[in-house]
Amino acid sequence: MTGFIDIATVWAFIIAFAVFVYVVMDGFDLGLGILFPLFPNKTDRDVIMNSVAPVWDGNETWLVLGGGGMMAAFPLAYAVLMPALYTPMVAMLIGLIFRGVAFEFRWRTTQSKRNRWDVAFAGGSLLATLAQGIALGAILQGVHVEGRQYAGGWWDWLTPFSILTGLALAVGYALLGATWLVLKTEGELRDKAYRLSWFLLFAMLGAIGAVSVATPFLHVQYTQRWFSWPNIILTAPVPIAVAAVTAMLLRSLANKQDHQPFFLSLALFALSYAGLGISMYPYIVPQSITIWQAASPPNSQIFMLFGVAVLVPLILGYTAWAYWVFRGKVRPESGYH
Amino acid sequence: MFEGLDAVVLARAQFAFTMSFHIVFPAFSIGLASFLAVLEALWLWTGREVFINLFNYWLKIFAVAFGMGVVSGIVMSYQFGTNWSAFSDKTGPVIGPLMAYEVLTAFFLEAGFLGVMLFGLERVGHKLHFFATLMVAIGTLISAFWILSANSWMQTPAGYAVNAEGQFVPAEWLKAIINPSFPYRLVHMVLAAYLTTALVVGAVGAFHLQRDQHLPGPRVMFSMAMWMATLVAPIQILAGDQHGLNTLEHQPVKVMAMEGHYKSHPDGAPLLLFGLPDQAAGRVKYVIEVPKLSSLILKHSLDAPLAGLDTVPRENWPPVPIIFWSFRIMVGMGLLMMGLGLLSLWARWQGTLHRSRLLHIFAMAMGPAGFIAVLAGWITTETGRQPFTVYGLLRTAESASPLAPPAVASSLIAFVIVYFAVFSTGVIYILRMMATPPHHGEQGPRGDTPARAAGITPAAGVAVRGSV
Numbered sequence: 296m297t298g299f300i301d302i303a304t305v306w307a308f309i310i311a312f313a314v315f316v317y318v319v320m321d322g323f324d325l326g327l328g329i330l331f332p333l334f335p336n337k338t339d340r341d342v343i344m345n346s347v348a349p350v351w352d353g354n355e356t357w358l359v360l361g362g363g364g365m366m367a368a369f370p371l372a373y374a375v376l377m378p379a380l381y382t383p384m385v386a387m388l389i390g391l392i393f394r395g396v397a398f399e400f401r402w403r404t405t406q407s408k409r410n411r412w413d414v415a416f417a418g419g420s421l422l423a424t425l426a427q428g429i430a431l432g433a434i435l436q437g438v439h440v441e442g443r444q445y446a447g448g449w450w451d452w453l454t455p456f457s458i459l460t461g462l463a464l465a466v467g468y469a470l471l472g473a474t475w476l477v478l479k480t481e482g483e484l485r486d487k488a489y490r491l492s493w494f495l496l497f498a499m500l501g502a503i504g505a506v507s508v509a510t511p512f513l514h515v516q517y518t519q520r521w522f523s524w525p526n527i528i529l530t531a532p533v534p535i536a537v538a539a540v541t542a543m544l545l546r547s548l549a550n551k552q553d554h555q556p557f558f559l560s561l562a563l564f565a566l567s568y569a570g571l572g573i574s575m576y577p578y579i580v581p582q583s584i585t586i587w588q589a590a591s592p593p594n595s596q597i598f599m600l601f602g603v604a605v606l607v608p609l610i611l612g613y614t615a616w617a618y619w620v621f622r623g624k625v626r627p628e629s630g631y632h
Numbered sequence: 261m262f263e264g265l266d267a268v269v270l271a272r273a274q275f276a277f278t279m280s281f282h283i284v285f286p287a288f289s290i291g292l293a294s295f296l297a298v299l300e301a302l303w304l305w306t307g308r309e310v311f312i313n314l315f316n317y318w319l320k321i322f323a324v325a326f327g328m329g330v331v332s333g334i335v336m337s338y339q340f341g342t343n344w345s346a347f348s349d350k351t352g353p354v355i356g357p358l359m360a361y362e363v364l365t366a367f368f369l370e371a372g373f374l375g376v377m378l379f380g381l382e383r384v385g386h387k388l389h390f391f392a393t394l395m396v397a398i399g400t401l402i403s404a405f406w407i408l409s410a411n412s413w414m415q416t417p418a419g420y421a422v423n424a425e426g427q428f429v430p431a432e433w434l435k436a437i438i439n440p441s442f443p444y445r446l447v448h449m450v451l452a453a454y455l456t457t458a459l460v461v462g463a464v465g466a467f468h469l470q471r472d473q474h475l476p477g478p479r480v481m482f483s484m485a486m487w488m489a490t491l492v493a494p495i496q497i498l499a500g501d502q503h504g505l506n507t508l509e510h511q512p513v514k515v516m517a518m519e520g521h522y523k524s525h526p527d528g529a530p531l532l533l534f535g536l537p538d539q540a541a542g543r544v545k546y547v548i549e550v551p552k553l554s555s556l557i558l559k560h561s562l563d564a565p566l567a568g569l570d571t572v573p574r575e576n577w578p579p580v581p582i583i584f585w586s587f588r589i590m591v592g593m594g595l596l597m598m599g600l601g602l603l604s605l606w607a608r609w610q611g612t613l614h615r616s617r618l619l620h621i622f623a624m625a626m627g628p629a630g631f632i633a634v635l636a637g638w639i640t641t642e643t644g645r646q647p648f649t650v651y652g653l654l655r656t657a658e659s660a661s662p663l664a665p666p667a668v669a670s671s672l673i674a675f676v677i678v679y680f681a682v683f684s685t686g687v688i689y690i691l692r693m694m695a696t697p698p699h700h701g702e703q704g705p706r707g708d709t710p711a712r713a714a715g716i717t718p719a720a721g722v723a724v725r726g727s728v
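Residue numbers (this note's numbering), protein chains in the order written: chain A, 296 to 632; chain B, 261 to 728.
Bear in mind the hints are in silico, worked out from the structure with no lab data behind them.
Since the model is a prediction, treat every value here as computed from it, not as a measurement.
Beta carbons: idealized from backbone N, C-alpha and C, even for Gly.
Careful: at least some of the hints might be erroneous.
Said to hold, decoys possible - Covered, in the sense of this in silico footprint (three residues per stretch, anywhere, with C-beta under 8 Å from a C-beta of chain B), are these stretches of chain A:
id, region
1, 327-339
2, 383-389
3, 444-454
4, 478-490
5, 509-517
6, 521-532
7, 560-570
As the list claims (entries may be wrong) - Some chain A residues flagged as far from chain B (calculated, every beta-carbon gap over 12 Å):
id, residue
8, V347
9, L462
10, L548
11, T614
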């Protein structure tokens with residue numbers, strides 16, 4: 296039976312890893328969409344789009360792995376959470392449709408109408424981000440479960456807390472987008488991205504603070520997890536690390552070191568994500584269903600583990616290669632104007 | 261509008277609607293990815309400019325179609341959870357891993373190499389670029405493998421056990437993956453994708469040959485497409501026949517619905533060519549039939565008995581009128597495809613392939629035939645599985661999420677509006693690109709001014725880097 300417990304924990308980490316890679320990779324390209332209205336210049340927009348056009352599809356595939364992997368490894372959790380998050384999920388899917396097709400459509404329409412797909416890209420990105428953040432908040436606050444099914448209504452997810460997490464994620468993705476532009480562009484576009492990064496960093500810190508303060512009020516278990524002795528020895532390094540990364544991020548923005556802000560922002564995300572993990576473990580549906588209760592049988596999880604062990608390193612390898620092929624600063628295309 | 265409809269019916273409508281839109285794109289992009297790989301290989305091998313022009317021409321169309329396939333596919337992967345949570349809980353341990361393998365082996369492969377395929381020709385060199393194209397093409401086929409395995413398991417479940425929680429759990433993976441209907445369905449669907457693409461390519465070629473029969477690009481693509489129709493359409497009819505016999509063995513009720521056999525025929529069943537199935541009365545009205553032919557096709561004997569729906573409890577009947585008609589539409593399309601292939605072979609032999617007006621009009625009319633056949637075929641097999649999601653084991657009514665009807669109705673309305681707005685626009689963009697013939701110095705997806713599709717011809721040879 297211990298083997299069974301181990302494999303479920305392994306799978307919890309795999310799903311968490313997939314979702315985190317998704318946040319890392321799609322976060323910045325959704326963030327670009329959120330920032331799009333602030334860059335009305337057509338040349339800037341072309342550069343922004345082209346900085347992610349070769350990789351966005353791969354970025355979103357991690358979302359499919361997160362969802363598909365959860366259905367396979369933790370079918371009960373998938374079956375409970377998806378109906379509980381019904382409206383945010385549908386909104387996210389619709390947002391992803393609009394922004395996804397915009398990558399090609401905006402080049403295929405006539406000049407005068409191009410803005411329509413720019414609006415779709417920006418609106419779709421914002422909608423998908425808010426929906427993801429709201430879903431996160433709704434999971435943290437817990438859902439009503441009876442037997443093996445969700446037993447709440449289709450608006451239960453809507454609370455001040457979930458709105459807060461929705462906005463927080465939008466701020467965070469926008470920070471990733473702005474620092475990505477710092478990394479990938481030059482000239483006035485980069486300078487503007489620097490200014491935005493400053494503002495968004497402070498907004499993000501505010502958001503992290505607000506969510507951190509609000510979370511313990513959701514369930515007493517979260518408070519105990521973070522503040523009771525001896526847990527606090529293990530949890531205290533998280534806020535300390537956040538402070539350290541923030542200091543480094545501020546310095547890299549001040550010194551205009553193009554390569555650093557994006558990766559330091561990702562570190563900030565990683566720490567926030569670790570904080571979420573600390574709060575949730577070992578529940579996959581907080582306070583209702585643990586990873587062991589939700590796990591599919593070992594036969595299913597082991598079968599997939601072979602695939603993950605062999606294929607994920609391979610996937611990370613060729614994905615890195617694709618980023619490498621399109622490395623460096625993106626320049627405006629000469630043939631367009 | 262939705263009063264009196266329950267959440268299950270709405271969820272089924274939503275799945276049918278989003279699936280019908282989605283399947284069109286992969287059916288096209290599976291074939292197109294292979295076609296692009298062949299074009300690039302021919303270019304690398306022969307060095308002829310016409311092949312790289314055709315490659316870039318179809319690559320732009322592929323980019324738009326593939327993007328629509330991706331976003332409509334993400335909807336499908338989450339819809340299992342949102343609308344069919346009971347199904348996901350019960351079947352997740354078996355079909356979840358199949359779909360996870362699809363993501364790991366296919367989606368990442370396609371997505372990882374798509375960027376290089378679309379924008380990387382000048383960055384990575386010809387050979388590595390061809391490798392990327394090949395990976396995308398192979399990825400589409402691997403994707404078909406896993407998703408059709410999962411689908412086939414729902415039709416002909418095998419290699420499973422049922423645990424204390426009522427979940428289907430894997431007992432023998434190989435039997436679950438290679439379940440009885442899977443090999444037939446895989447062959448039938450991949451051939452369908454190739455035919456669908458060939459018919460679209462052929463129609464575009466014919467359209468441009470109508471105006472100028474000397475255009476090199478359209479000549480080559482029309483010829484390639486017609487070879488495909490000539491060779492693959494008969495093979496597909498054979499594969500379909502084998503698939504049908506497999507269905508008769510494992511899902512006889514589906515075949516009863518396809519044939520319109522409400523009543524059993526102890527000494528030779530007729531083949532109903534046309535008729536109006538009346539589900540309530542349990543009979544087919546205004547029948548035109550060929551006596552004993554159904555028994556000959558299905559049992560290879562004129563007098564072989566065939567059971568009808570009268571041997572099946574009524575609560576297990578699938579909706580016969582839909583299946584009866586969608587099956588006939590699919591078969592009709594298949595026969596027309598074979599007709600086109602034979603006509604083109606005749607024209608080729610006569611030396612009139614590139615100037616036969618009749619052939620070109622026929623080929624243009626057949627442009628959408630593959631899509632129609634694919635949709636009709638899927639409607640036949642999925643509706644024929646009803647009233648079960650896992651055939652004979654899990655009823656559709658017991659598979660849905662515990663949602664209030666207004667929730668499902670609202671999302672259905674939202675998807676309908678968004679799909680029509682977004683995907684019809686995408687199809688218009690694709691048709692616009694198709695309306696211009698491939699030309700000398702054709703550029704890839706970014707080496708082209710966006711206004712080109714509207715008819716403004718860019719100066720050939722403008723040095724434009726890809727998406728840098």
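*Verify the coverage statement for the region 521-532 of chain A against chain B, using a C-beta to C-beta distance below 8 Å and requiring 3 or more qualifying residues.*
violated (count 0)
*Apply the coverage criterion to the region 327-339 of chain A and chain B: a residue qualifies when its Cβ sits closer than 8 Å to a Cβ of the chain, and three qualifying residues are needed.*
Check failed, 0 qualifying residues.
*Checking the smallest CB distance to chain B, is T614 of chain A really beyond 12 Å?*
It is violated; T614 of chain A is separated from chain B by about 5 Å at its closest Cβ, not greater than 12 Å.
_Assertion that L548 of chain A lies outside the chain B interface [Cβ separation over 12 Å]_ = The claim holds: L548 of chain A sits with its nearest Cβ about 26 Å from chain B, beyond 12 Å.
*Are there three or more residues in the region 444-454 of chain A whose C-beta lies closer than 8 Å to some C-beta of chain B?*
Coverage by chain B holds for the region 444-454 of chain A (5 residues, Cβ < 8 Å).
*asked:* Cut-off 8 Å, C-beta pairs, minimum 3 residues; does the coverage of the region 383-389 of chain A by chain B stand?
replied: holds (count 4)
*In terms of beta carbon proximity below 8 Å, does the region 478-490 of chain A have 3 or more residues touching chain B?*
violated (count 0)
*If you look at each residue in the region 560-570 of chain A, do at least three have a Cβ nearer than 8 Å to any Cβ of chain B?*
Per the Cβ count (0), the hint is violated.
*Within the assertion that chain B covers the region 509-517 of chain A, do at least three residues meet a Cβ-to-Cβ distance smaller than 8 Å?*
The restraint on the region 509-517 of chain A is violated, since only 0 of its residues have a Cβ under 8 Å from chain B and three are required.
*Report holds if the minimum CB distance from L462 of chain A to chain B is greater than 12 Å, and violated otherwise.*
Given that every Cβ of chain B is farther than 12 Å from that of L462 of chain A, nearest at about 23 Å, it holds.
*Taking the shortest Cβ-to-Cβ distance between V347 of chain A and chain B, state whether it exceeds 12 Å.*
Since the minimum Cβ distance to chain B is about 9 Å, V347 of chain A lies within 12 Å and the statement is violated.
Taken one by one, the earlier hints fail for this structure at numbers 1, 4, 5, 6, 7, 8, 11, listed in ascending order.
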